Amino acid sequence: MSLNFSSVFPLKHARAHEVCGDSALSFAAIAAGMTKGAVVWISEDWRPPVNPEGLATYCDPGRLLLTRAANQLTALASAETALRSGAAGLVVAELSGTVGLTEGRRLQLAAEAGRTTAILLIPEGAGSNAAETRWRSTGIPAPSDPTSGPATVPRQNGHDSTHWRWSLIKNKIGTLSEWVVRWDAAAHRVIVVSEAGG
Amino acid sequence: MQRRIVSLWFPRLAAERSLRARPVDAPFALSLFDRNSERLYDLCPRAESFGLNRGMTLVHARSFCPGLLTRPADPAADQRFLRLLARWATRYCPWVGLDGRNGLFLDITGSAHLLGGEEPLLDDIRARLARAGLTARLGLADTPGTAWALSRFAEGIAETGETLARIGPLPLSALRLSDQTCTSLERLGIATVSQLYNLPRATVARRYEPDVLRRLDQALGALPEQISPLGEEPGFAVRMTLPDPIGLLDDVMAAARRLTAHLCQRLDTAQKGARSLKLTFRRVDQENQAVELKLARPMRDPERILALFERGVSSVDAGYGIDMIRLEATEVEPLGMRQLDRTEGLEKDGLDDLITQLGNRVGLDNILRFQPVDSHIPERSFKLVPAAYSRPAQAWPANRPRPIRLFAPEPISGTGFEPPRRFRWRGRALTVFEAEGPERITPAWWDLDDSWAKGLRDYWRIATHQGQRLWLFHTPQHPGWFVQGEFG
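Taken in sequence, the protein lines are chains Z and X. Here the first sequence stands for residues 1 to 198, numbered as in our numbering. Here the second sequence stands for residues 1 to 488, numbered as in our numbering.
Worth flagging that the hints you see were computed from the coordinates, not collected in a lab. Just so you know, these numbers come straight off a predicted model, no measurement behind them. Just so you know, not all the hints are guaranteed correct.
[Claimed, not checked] Only pairs whose alpha carbons sit at most 25 Å apart, straight line, appear in this in silico SDA-like list of lysine to any residue:
1) X:K294 to X:M253
2) Z:K170 to Z:V193
3) Z:K36 to X:S390
4) X:K383 to X:Q394
5) X:K278 to X:S314
6) X:K278 to Z:T74
7) X:K294 to Z:A70
8) Z:K170 to X:Q466
9) Z:K36 to X:W396
10) X:K383 to Z:G37
11) Z:K36 to X:A393
12) X:K383 to Z:T35
13) X:K294 to Z:A77
14) X:K294 to Z:G37
15) X:K383 to Z:A70
16) Z:K36 to X:R297
17) Z:K170 to X:G467
18) X:K294 to Z:N71
19) Z:K36 to X:K383
20) X:K294 to X:A237
21) Z:K36 to X:A395
22) Z:K12 to Z:N171
23) Z:K172 to Z:G89
24) X:K294 to Z:D45
25) Z:K36 to X:P372
26) X:K272 to X:L335
27) X:K294 to X:A393
28) X:K294 to Z:E44
29) Z:K170 to Z:N4
30) Z:K36 to X:L368
[What the hints assert, rightly or not] Covered, in the sense of this in silico footprint (three residues per stretch, anywhere, with C-beta under 8 Å from a C-beta of chain Z), are these stretches of chain X:
31) 359-369
32) 372-382
33) 456-470
Glycine residues also receive a C-beta, built at the ideal position from the N, C-alpha and C atoms.
Just chain X, same shape as in the assembly:
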């Protein structure tokens, strides 16, 4: 069967990806720092109409088009997006390969009839991509080379046998040759593919690099060209079917042990660690029971994983017995080899296991660590981050004395700039014994925080005869006194 290849070219992939996320109504371009200056990486047609082009410096571009909106380019994200598109394209055929930064090859041999022929297939691709906000140029031919040339230079379909006729009038750069080679051929008056084809092969081979003839042969089908489809992401799941149902905890754990060992071996080969696992038990009455485990750190040590599963497995209702067990790593992360270390070893592992155990009780997001934040606002000088996804803060910045418990400001009665001598707070009458202050804290003018709407705060540390040590503040711009913390 004759191969039929579609070449899909996204001329503005990067810009359109960015615009899909956040559309703008202005000339738009992406910029990337390259060769010592910020340069245009990709742009929308409206920006192009101002005479801008790729590779131009941003300063230069702005002088042409003062209203130009730019965002930083992210080539890695574009690449990820292209891989997503490649996965999407498998709806048309099973064989999809990447082509450079912004193209795809689809081998639609034998699958075009599913959409009613080649013309409807291309129309369908075009319509769906247009709906997604992507400009695409399509070429369909017998070989990847010709399909590539058509998508870049003359959109359309080259029927089997008319390859040379379609590609002949196209310029030499349609053959994926380097600019240098094209220029030197053009100097000889060879401007189109058919002119190159008509030259004696021996002369071309002698005078030019082998690429020239190779690309020509590939386009015409004389030399084969492969399309490498993307590899499937490996799945990490193992299962065990039992001839007789089991129900005792020890038996179930023994089966789980075998599965865990097998899974960990596969993770080891792939240099991955499991972050979350799911152990499913199918009972003889077709009921499924699942035990989920979220780990504090990617891990592939079977003994430790098994120990962490114990609590979950003991709560499974085996009913009339379990006849199938499946263990799946639902989330995996890269995990390289680890050098055994004399200093940090067991102790650190123990803490990670503890985080996992607690996390399976209260949720991994509820195990938190404090991280310092560079802010002079007391309630914002720290943040809470999940412990499973962070390292402990190394050095905690020294600050002025702060209360051990902070709460939302609670108003008390008081006037003047000095702390009130006596006041009531939380139903208790307190008399001030000692006051230290003021420490003035100004709100951050750059962000609007309602709790700081009253402006400046003069903080006082007070001690009362009743034993409380409190953190009061006075707002001189809107007079009032508040309690915000307890020193304990």
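Extracted from the complex, chain Z is given alone in its bound form:
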């Protein structure tokens, strides 16, 4: 039984979702591009801010409200405030520590109360059980061109190599699956290259 990509992405509205992996940032940026309204982007202040020019590929950086918190506790509290107020279209929180069940559940309740979606960028294995879905996003080498032979020599000036493997590793309301997706700049959306790791 395979899970349809469109049933889980765009992410379910008014829920908290978690993303880990090397390419979690681009996942959040793509999700931000699919929402309307302001994006509250909460990060701890030691972290360098995201590069708006890089974000511009996926979403409009002018919509971002960057909130710099002193530690994870403040970041979580700010995320809860932002979710509960319902004024933002999306709340993204970059976290460096584990999210406990209490924190996760509070964010989930705040997201439901404010009708706002939350994306928590977490380190590998630091998620809480309260999240609606958890994703792992990693970059993968684009499927090689049959004409270019084995990729021992770096290809130069190749085509769009932005392929990611998005694995759904937790899903409260369905089964798990994984997809290889790529960014289609012309259509301004992600398209599934292959199903189920194919």
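With chain Z held as given, fit chain X onto it using these hints.
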């Protein structure tokens, strides 16, 4: 009691204000664009000694004095400075008015004895202003007109009764008459004030504009002349004293609601909005507890302000009870009437309230927005500005693909002009699968940035077999390879 007026004249107010901020050791002048050319607005005595004067074009002035240093004049700032001086002058008397662009009137009636008399008072003013780097000319007389004339033409004190004697020998322009009137009177041989005084009044009134006699009478005290003191800036604070101490959150909020409504009404009358507010609770044991609120936008809507106070008020320790509440708008900004609008209304307000709420948790300076900057240097192509003091950027300029996270360059091993085939970065061995580039970025030669000390950079976008997509650069002038960003 006889009125006594001091006229304070700052002949070089603008130039001296500029020199106070940044002193220079050269002939100095301020220039202002006026009548189609850059003209001297004010100048220092050293520049004057070269034969320069006000109103001269800058080009002309430079030909007289090639070493002339100039700065642009800022008449509005000069005016603000004069108002500051007026406030300072209230240390001598409560009644201080502005006089044109560069003068003050002080009504020192009854306050001269506080400094030991009129002479010491003028000496004190002169000494303090000299210490502040300001040239001042002072005149003291019974009327503003005479004091004005003395400060401009014959510094000193005119004792009560000797007004006419002191002002008599002065030229006609000491009466604050227009140049045109003075010239036409001088053509008749009337050069001094006493000559004008001796003319039959009826003739003067018939032949000249009423200003001539009015100014003469004002100087001699026959006509009254008012000095308008500056208005006090209105303060926005309200308080409520309670007959019995209260401690329940609902009671405190109800009291705060009344205060907020009252304060907002006053803000409304003054067409102002509060930018930061302070709610102080005095407890029965004389302890003060304060809740501060910084707003993302000037505001005077009582309901919204109250809702934003809720979190702060709930953390106040009421102790044995609170018997006085004071609400003060510590920062106010002008806020005009706003037209209600169907399209942008509640949603925008909601976002501002959110910025306020977050700002009271992490500090309003930590809520930032990105603004594009016109620079080809990747790490300087944007800036972060506080969201509470800016509008969102409208259009973000399209650029070449850039990494989603930029960091300080991290060196990797590699030689040659092509990206290394395999390298270690952050403890991981990576093999390059695909490379795209180079994109050459030259440092900005006009500013010296240490991070660009190695000169040109050839940027490559690489993808690795391990999944990372990185932004590498090579510095051909000082060979080396670095990682500067991650595409994520």
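Evaluated hints:
For the given pair, X:K294 sits about 18 Å from X:M253 by alpha-carbon distance, which is consistent with the 25 Å threshold. A threshold of 25 Å between alpha carbons decides the hint, and for Z:K170 with Z:V193 the separation of about 21 Å falls inside it, so the pair holds. Annotation: proposed proximity of Z:K36 to X:S390 holds, straight-line Cα distance about 20 Å (limit 25 Å). A C-alpha spacing of about 14 Å is found between X:K383 and X:Q394, which places the hinted pair at or below 25 Å, so the restraint holds.
About 15 Å separates the Cα atoms of X:K278 and X:S314, which keeps this hinted pair within 25 Å; it holds. Only pairs whose Cα atoms come within 25 Å are accepted, and X:K278 paired with Z:T74 is accepted, the gap being roughly 23 Å. At roughly 19 Å between alpha-carbon atoms, X:K294 and Z:A70 fall within 25 Å of each other, so this suggested pair holds. Using a Cα cut-off of 25 Å, the hinted pair Z:K170 and X:Q466 holds, with the two alpha carbons roughly 24 Å apart.
Straight-line distance between C-alpha atoms of Z:K36 and X:W396 comes to about 17 Å, which keeps the hinted pair within the 25 Å bound. Straight-line distance between C-alpha atoms of X:K383 and Z:G37 comes to about 21 Å, which keeps the hinted pair within the 25 Å bound. With a CA separation close to 16 Å, the supplied pair Z:K36 and X:A393 stays within the 25 Å bound. Of the pairs offered as hints, the one joining X:K383 and Z:T35 holds, with about 24 Å between alpha carbons and a cut-off of 25 Å not exceeded.
A C-alpha spacing of about 18 Å is found between X:K294 and Z:A77, which places the hinted pair at or below 25 Å, so the restraint holds. Restraint check: the Cα-Cα separation between X:K294 and Z:G37 comes to about 23 Å, which is no more than 25 Å; the hinted pair holds. A distance of roughly 20 Å separates the Cα atoms of X:K383 and Z:A70; the hinted pair therefore holds under the 25 Å criterion. The straight-line distance between the Cα atoms of Z:K36 and X:R297 is roughly 22 Å, inside the 25 Å bound, and the hint therefore holds.
Restraint check for Z:K170 and X:G467: satisfied, since their Cα atoms lie roughly 22 Å apart, inside the 25 Å limit. Distance restraint check for X:K294 and Z:N71: the Cα-Cα separation of roughly 21 Å lies within the 25 Å cut-off, and the hinted pair is therefore satisfied. A distance of roughly 23 Å separates the Cα atoms of Z:K36 and X:K383; the hinted pair therefore holds under the 25 Å criterion. Taking the CA atoms of X:K294 and X:A237, the gap is about 16 Å. The hint holds against a cut of 25 Å.
Of the supplied pair hints, the one linking Z:K36 and X:A395 holds, its CA atoms being roughly 16 Å apart against a limit of 25 Å. Only pairs whose Cα atoms come within 25 Å are accepted, and Z:K12 paired with Z:N171 is accepted, the gap being roughly 11 Å. In summary, the hint linking Z:K172 to Z:G89 is supported, as the alpha carbons are separated by about 22 Å, within the 25 Å threshold. Between the alpha carbons of X:K294 and Z:D45 the distance comes to roughly 21 Å, so the proposed pair stays at or under 25 Å and holds.
For the suggested pair Z:K36 and X:P372, the alpha carbons sit about 21 Å apart, so the restraint of at most 25 Å is met. The suggested pairing of X:K272 with X:L335 holds, with an alpha-carbon distance near 5 Å, which does not exceed 25 Å. A C-alpha spacing of about 23 Å is found between X:K294 and X:A393, which places the hinted pair at or below 25 Å, so the restraint holds. Among the hinted pairs, X:K294 with Z:E44 is consistent with the structure: their alpha-carbon atoms are about 21 Å apart, no more than 25 Å.
Between the alpha carbons of Z:K170 and Z:N4 the distance comes to roughly 15 Å, so the proposed pair stays at or under 25 Å and holds. For the proposed pair Z:K36 and X:L368, the alpha carbon gap of about 19 Å is at most 25 Å, so the pair holds. By the rule of at least three residues with a Cβ nearer than 8 Å to a Cβ of chain Z, the coverage given for the region 359-369 of chain X holds, with 6 such residues. Judged by the Cβ-Cβ criterion of 8 Å, the region 372-382 of chain X is covered by chain Z as claimed, because 4 of its residues qualify and three suffice.
Closer than 8 Å: that is the beta-carbon criterion, and the region 456-470 of chain X has 7 residues meeting it against chain Z, so the requirement of 3 holds.
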